[in-house]
Amino acid sequence: MRRLGLAALAALAVVALALYPLEGTGYGVRVMLQLFMWIALAQSWNLISGLTGYVSFGHVAFYGMGAYSTAIVIVRLGWPWLPAALLGGAMAMVLALVIGWPCLRLKGPYFAIAMLGLNEVLRVAASYFEGLTGGGLGLSLPTLHASVPIYYAMGLTAAGVTLLTYVILTSRFGLRLMTIREDEVAAEAMGIDTHRYKLYAFLLSAVAPGIVGGLSARDQGYIEPISVFPLLMTITMIVMVLFGGKGTIWGPVLGAVLLFTFQELVWARFIYLHQLLFGAIIVTVVLLMPRGILGVLQQKYNLPRTI
Amino acid sequence: MPPILEVTNLTKRFGGVTAVNRVSLSLDAGRIYGLIGPNGSGKTTLFNCITGLVRRDAGEVRFKRRRIDGLKPHQVFHHGIGRTFQVIRVFPELTALENLMVVTTGDHARACRRAGELLRFVKIESLAGEYAGNLSYGQQKLLEFIRVLMTDPELILLDEPAAGVNRTLLNELLDAVRALRDRGKTILLVEHDMKVVMGLCETVFVLDHGEKLAEGPPGVIQSDERVIEAYFGR
Chain L
1 MRRLGLAALA ALAVVALALY PLEGTGYGVR VMLQLFMWIA LAQSWNLISG LTGYVSFGHV
61 AFYGMGAYST AIVIVRLGWP WLPAALLGGA MAMVLALVIG WPCLRLKGPY FAIAMLGLNE
121 VLRVAASYFE GLTGGGLGLS LPTLHASVPI YYAMGLTAAG VTLLTYVILT SRFGLRLMTI
181 REDEVAAEAM GIDTHRYKLY AFLLSAVAPG IVGGLSARDQ GYIEPISVFP LLMTITMIVM
241 VLFGGKGTIW GPVLGAVLLF TFQELVWARF IYLHQLLFGA IIVTVVLLMP RGILGVLQQK
301 YNLPRTI
Chain W
1 MPPILEVTNL TKRFGGVTAV NRVSLSLDAG RIYGLIGPNG SGKTTLFNCI TGLVRRDAGE
61 VRFKRRRIDG LKPHQVFHHG IGRTFQVIRV FPELTALENL MVVTTGDHAR ACRRAGELLR
121 FVKIESLAGE YAGNLSYGQQ KLLEFIRVLM TDPELILLDE PAAGVNRTLL NELLDAVRAL
181 RDRGKTILLV EHDMKVVMGL CETVFVLDHG EKLAEGPPGV IQSDERVIEA YFGR
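Residue numbers (the numbering used here), protein chains in the order written: chain L, 1 to 307; chain W, 1 to 234.
Simulated from the structure, these hints should not be mistaken for laboratory data. Treat the hints with care, since some could be wrong.
Listed next, the stretches of chain L that the computed footprint assigns to chain W, with coverage defined by at least 3 CB atoms under 8 Å from CB atoms of chain W [what the hints assert, rightly or not]:
#1 169-177
#2 181-187
#3 192-198
Glycine included, C-beta positions come from ideal geometry on N, C-alpha and C.
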């Protein structure tokens with residue numbers, strides 16, 4: 001009965017979100033589109049870091065990779081935005097393979113730092129290869145009013161990663177990913193090829209950031225190295241997941257919705273206070289509830305991690 | 001019958017310390033072996049070399065005639081060697097049942113049945129849905145033990161199975177080990193509790209300072225002067 005109620009509620013939310021662009025203002029649609037983007041990003045970070053415990057401090061690199069791949073094929077080759085964004089996802093996956101293969105052998109903080117370095121390298125590379133990327137001047141995309149279709153594409157991506165997380169978390173594949181977080185040595189000794197599984201998780205966690213990077217590049221119409229490789233974006237993903245509850249299905253969604261709403265409300269009025277509050281949230285979460293909102297509920301009421 | 005496990009001149013150094021020095025052992029299928037020695041004598045390192053967690057510097061390990069030294073731990077496991085650890089290594093944020101399911105591949109329903117059987121076998125079936133980290137020390141020890149059995153390995157390495165386990169539980173554990181032997185499994189266990197070693201093992205290897213000091217039936221080992229000297233000094 002409770003399941004039925006929840007399913008009905010979810011269906012209602014989906015219908016409402018699907019119909020929203022018909023009634024909403026242009027501003028409203030773009031705000032929602034960004035919310036979807038954050039859900040997709042947080043959920044993706046959760047796939048690698050929440051499940052395997054390998055903290056990626058440079059996850060925005062995949063977003064930037066997607067943004068540049070998409071923008072380049074749109075500007076230079078005249079591709080339509082949807083296949084261009086999907087290519088962005090594929091390119092992010094290629095990057096994840098190239099980087100993940102060596103870096104996922106690193107443990108703990110070393111992996112986090114390697115990923116941080118990756119993001120910096122890509123940002124510099126984007127400035128350097130002017131012929132392709134436009135360098136520090138950035139790339140301007142041809143004018144196109146497509147916020148509504150991009151809204152749907154973004155929403156589908158967010159829903160897609162959430163569904164993927166559900167499928168993974170309820171399978172033995174997901175359990176194997178979690179054993180890496182729990183005790184990597186024991187996982188190896190119990191027959192789990194940890195390097196391969198980490199790589200799978202890493203590849204899966206790179207696709208959606210690549211796609212949403214491409215979609216936001218199209219939506220914003222202009223990208224530059226600083227705007228698509230900001231460290232702050234990775235940190236925001238991390239905070240959203242930690243706040244909502246890492247390693248759960250709905251934690252990243254909850255974290256993204258709460259923090260993004262909060263950001264939108266406070267950002268407009270108090271730009272400095274906003275950063276201060278954001279910092280305060282990080283400290284509070286880490287100190288008082290390292291498992292996040294859903295993590296706390298999960299432990300207190302012995303709930304499954306599919307919440 | 002050729003030995004199921006053959007270790008030849010295995011050597012492992014950590015910096016200037018030779019943890020295992022030219023150790024050779026040979027295990028026949030369907031028997032229980034003990035590995036004893038003072039602290040730091042190289043027992044756990046030997047386990048780690050056999051299971052691939054530590055890369056040996058020299059020597060050979062053969063399992064059913066095939067070389068397994070140089071393989072990764074997960075590959076060694078799939079050859080049919082399971083192990084437990086000296087310090088419990090269950091996956092704390094997975095439930096007891098998930099701890100068992102995660103090591104299986106293939107048919108899900110069959111794995112589920114097997115997990116249920118094993119949980120009943122060690123009488124913790126009521127805790128199947130509980131997170132492993134919430135179980136007591138003894139229950140975690142049992143869980144780790146049955147996790148090894150999930151995939152039915154032919155050789156089982158147990159690192160101090162009796163440590164910290166109460167008498168009643170211990171007797172059940174020992175009966176379980178004997179039952180495995182009777183089903184044709186080979187068991188090699190590291191143990192400090194001499195009563196356990198003497199009552200359970202058919203052959204005992206003694207390590208001291210990384211070298212094999214003696215080998216033989218427990219009765220003989222117990223009165224071996226070199227062994228007594230290694231444990232109590234001259």
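Annotated coverage of the region 181-187 of chain L by chain W, confirmed only when three residues or more have a Cβ within 8 Å: Since three or more residues must qualify, the claim that chain W covers the region 181-187 of chain L holds, with 6 doing so at under 8 Å.
Per-stretch coverage check for the region 169-177 of chain L, three Cβ contacts closer than 8 Å to chain W: holds (count 3)
At a Cβ distance under 8 Å, does chain W reach at least three residues of the region 192-198 of chain L? Holds: 3 residues of the region 192-198 of chain L have a Cβ under 8 Å from chain W.
Comparing the model with each earlier hint shows no violations; every hint is respected.
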